[in-house]
Amino acid sequence: MPERARKIRVSCVLNGSASSFEAHPMARLLDVLREDLKLTGTKEGCGEGECGACSIEMDGVLVNSCLVPALQAQGAKIRTIEGVAIGESLHAVQQAFIAHGGAQCGICTPGMILAALNLLARHPEPDDAQIREGLSGNLCRCTGYMKIFESVVAAVRRAETGA
Amino acid sequence: METRVIGKSVPRKEGREKVTGRARYVDDLSFPGMLHGVTVRSPAARGRIRAVHFEGDIPWHEFTVVTAKDIPGKNCIALLIEDQPCLAAEFVSHPEEAVVLLAHHDKYLLEEARRSVRIEIEPLPGLFSIEDSLAQKEIIWGQDNIFKSFYVEKGDVDSAWARAEFVVEGTYETGAQEQLYIEPQGMIAQVNGAEGVTVWGSLQCPHYVHKALMILFGLPRERIRVVQAETGGGFGGKEEYPSMIAAHAALLARKSGRPVKIIYDRAEDMVATTKRHPSRTRHVTAVSRDGKLLAMDIDFTVDGGAYETLSPVVLSRGTIHAAGPYACANVRIRSRAVATNAPPHGAFRGFGAPQSVFALERHLDRVAEAVGIAPEELRRRNFIREGQTLAVGQVVKEKVDMNALLGRAFELSGYHAKRKQFAAENSDARGAIKKGIGFASFLHGAGFTGSGEEYLASEVAMEAMADGSVHILAGSTEMGQGTNTIFAQIAAEALRLDCEQIRIVQPDTAHVPNSGPTVASRTAMIVGKLVETAATKLLKTLRDSGFLREGYSAEDFSRACGEYITAHRELKSFVKYEHPRDLHWDDQKYSGDAYGAYAWAVYVAEVSVDMRTAEVRVNDFVAVQEVGRVINPVLAAGQIEGGVAQGIGFALYENVVWQEGRMVNAQMTNYVMPTSVDLPAIRVCFEEIPYGRGPAGAKGIGELPLDGTAPAIANAIAHATGVDVRAIPVTAETLLEMLEAVHA
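If you read the sequences in order, they're chains D and C.
FYI, in my numbering the residues of the first sequence are 1 to 163.
FYI, in my numbering the residues of the second sequence are 1 to 744.
Keep in mind that the hints were calculated from the coordinates and are not lab data.
Be careful, since some hints might not be right.
For each label pair, taking beta carbons as the anchor points, the in silico distance ranges come out as [to be verified]:
| hint | chain 1 | residue 1 | chain 2 | residue 2 | range |
| --- | --- | --- | --- | --- | --- |
| 1 | C | Glu615 | D | Ile8 | 43 to 51 Å |
| 2 | D | Ile8 | C | Glu737 | 18 to 26 Å |
| 3 | C | Asp610 | D | Gly60 | 54 to 62 Å |
| 4 | D | Arg122 | C | Leu412 | 33 to 41 Å |
| 5 | D | Gly60 | C | Leu124 | 14 to 22 Å |
| 6 | D | Arg9 | C | Ser30 | 21 to 29 Å |
| 7 | C | Pro690 | D | Gly60 | 49 to 57 Å |
| 8 | C | Glu131 | D | Ser19 | 39 to 47 Å |
| 9 | C | Glu55 | D | Arg9 | 32 to 40 Å |
Think about it this way: if two alpha-carbon atoms lie no more than 30 Å apart in a straight line, the pair counts; the simulated BS3-like pairs of lysine-lysine are [to be verified]:
| hint | chain 1 | residue 1 | chain 2 | residue 2 |
| --- | --- | --- | --- | --- |
| 10 | C | Lys107 | D | Lys77 |
| 11 | C | Lys292 | C | Lys589 |
| 12 | C | Lys576 | C | Lys537 |
| 13 | C | Lys572 | C | Lys8 |
| 14 | C | Lys540 | C | Lys572 |
| 15 | C | Lys107 | D | Lys7 |
| 16 | D | Lys7 | D | Lys77 |
| 17 | D | Lys38 | C | Lys107 |
| 18 | D | Lys38 | C | Lys255 |
| 19 | C | Lys589 | C | Lys154 |
| 20 | D | Lys77 | D | Lys38 |
| 21 | C | Lys255 | C | Lys399 |
With the Cβ distance kept under 10 Å, some of the chain D side facing chain C (calculated, not the full set) [to be verified]:
| hint | residue |
| --- | --- |
| 22 | Ala5 |
| 23 | Ile8 |
| 24 | Arg9 |
| 25 | Ser11 |
| 26 | Val13 |
| 27 | Cys46 |
| 28 | Gly101 |
| 29 | Thr109 |
Even glycine gets a Cβ: it sits at the ideal position worked out from N, Cα and C.
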């Protein structure tokens, strides 16, 4: 059995708070989040960066946490689904996903919502092509994506009207 | 009819948990002292197990190791019959068949250990195609490799050939399709002397798992408990296979004395679990000069894989749907499910119907061409109407107007104008892009077939609490399709309350009655009706007691519940399914009222084909259907859109590549499902004709969209390119070959 690398201490800003953990440098950030930090909102769908269920934001970039080694989290600003709502107050995108049928089975939803937030940060008023492109790294088998697009559009409209 | 909540898009009951990441799926659960489990699988498709070697530098003494010898009851996964072993003991019948189970607390070491078990097999020749199985090159199951066959006959087919102006023949094939729910399969089991066996998992049918575990462990009903965790998609893929994983986790838990979790990774899920049955259909059709169908002779075969599992039932639905929504006096359908040495094929949304409907709807476009009339004209001259008889001898008693659905679908899609426009544009031989538009018309029966619902005898319970909240107890599962919300709406409507006052109890065989499996587009229509009846009964009890008067408010209802419970201890109702007396089914002749109700639909697809790369793009999709009263428009449209997306995958992208019974592209990287940039706008339209026996008039909906999507696309590709599409998926590679043949 090969000797495993020693664990290292990693410090980062996780969902707005300073956080640190010990992990093998090449451990998947996905496993660290789910198993060590008990943030199980981030899901594993394929383990090879295809499905996007494990999407998180690192320094403002949407990444598949199944492909990120733990050591890369050092000094990073990380946002997971657990950091999207403020207390019990849902983000407009989360509310839109509920109102417009953007979530069905829910397993792609945390990653999809982070992808939507990341898209809206880059394109506050995205057109249809930008929405499709922005979410194309996140697979959904339930919705055919139509209700997800509608949810994103509704969240934008809500932001515009301030409703 | 004025309604409170029916017909309104009330938000998904568990939506808040899902959008915040708080919903707990099986892999999010953890128990103290829990071990992880893995499955060691057969490297060969068929053969005799000679030995199992535990090799490598692995501390084997730390591992829990389970083989067939550790099974306390019968070594089978009981379903319709008991032919599938839980763990192969002497023989293996397909690649990736489970042979050994391992458990350890360190999942990284566990993976190394799994790779260090070598299963030595003396190989035997296998069967890997429908043709080889039918030719009986080997006998691998029973006497003749046939799991089940059906014979349906209406009128006299052979008398029609001589009268026919045209006889059109054709053979059509559909490939396997992976369900590809985004949450892989998983289970956690705990076994102890006091409570027996308990499993928590991602599953559609808690009582299927319950039955399988009783027989595997030889334990009575009350010593097995199955709990559904939040389930990340099923589509049929979590109908029968979860029993296998539950069995494996429970055997490891029993031997180790610790809770054991088994979560499949994507590759294992794709290579080892069920897929849609590959199929082959042969049509011979007799047509009159004016395009009337005189006779339909249909021969339908599905590949069932190595064990029977659900193949007879899949075959049944595929057989009954094979002749479509047409009135034809003479129909003969011969069908069979055959054995091959692939992992068993299983339930997948549509359940045999997408296969036979693809063949029929593609074939009818060819029939129209032979007759020299438009494809829609052929359908119009043969659509079934109220009072006419379907192939299985069922007289259609519902209001049905396929012509109106066709008209609506053509209007929404601009079918006629585009058909002309594309034909003109395509005639320019230099054009690099050819466009086409095609459609399919079809029906889908809701609920179990024939006497199925009568045998299931589903049950639902309801309990009102002292605070006025009403709990629905049912074995029906939420897996994204909206069971929780639909049930809450049905109960709220019947009780004249808001949905927030209704609670859905988590499916747990220790607490909920058996409402039958969550399959077959039966949950809203059949179980939903039981929910409605249970609510009506509960309300009557409360009314008859004198605690509740006419014109009550939510507060009055809550107060009345409190008073009733103080006086009588509890307020419950219980309902069991009663089969309508006017529905008759003859299992021997395979004729009669196959389904209580059908959904009816016409789908139109518009495609463009890049003639250089042979890539097909669906540019527009219109789905018009009649599914009775729509309970929740957002959820209903979500069902159709999602089903159409899966159908587009089935038609164009999702290609399972086989090598000696093993899927070799078992990765999301090379098994391609549609992404957000691959799909057109999917436009959904419901025509609503309330169904008298459905809750608030609703019929089944879930499977319908899988039936008509692929043939509509195939017909559009044929229109665009002139290629006679006979098989799906139509990948760029296969279409390129066909284009070269056409233009050679």
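Indices of hints not satisfied (ascending): The structure conflicts with hints 2, 3, 5, 8, 21, 22, 23, 24, 25, 26, although it agrees with all the remaining ones.
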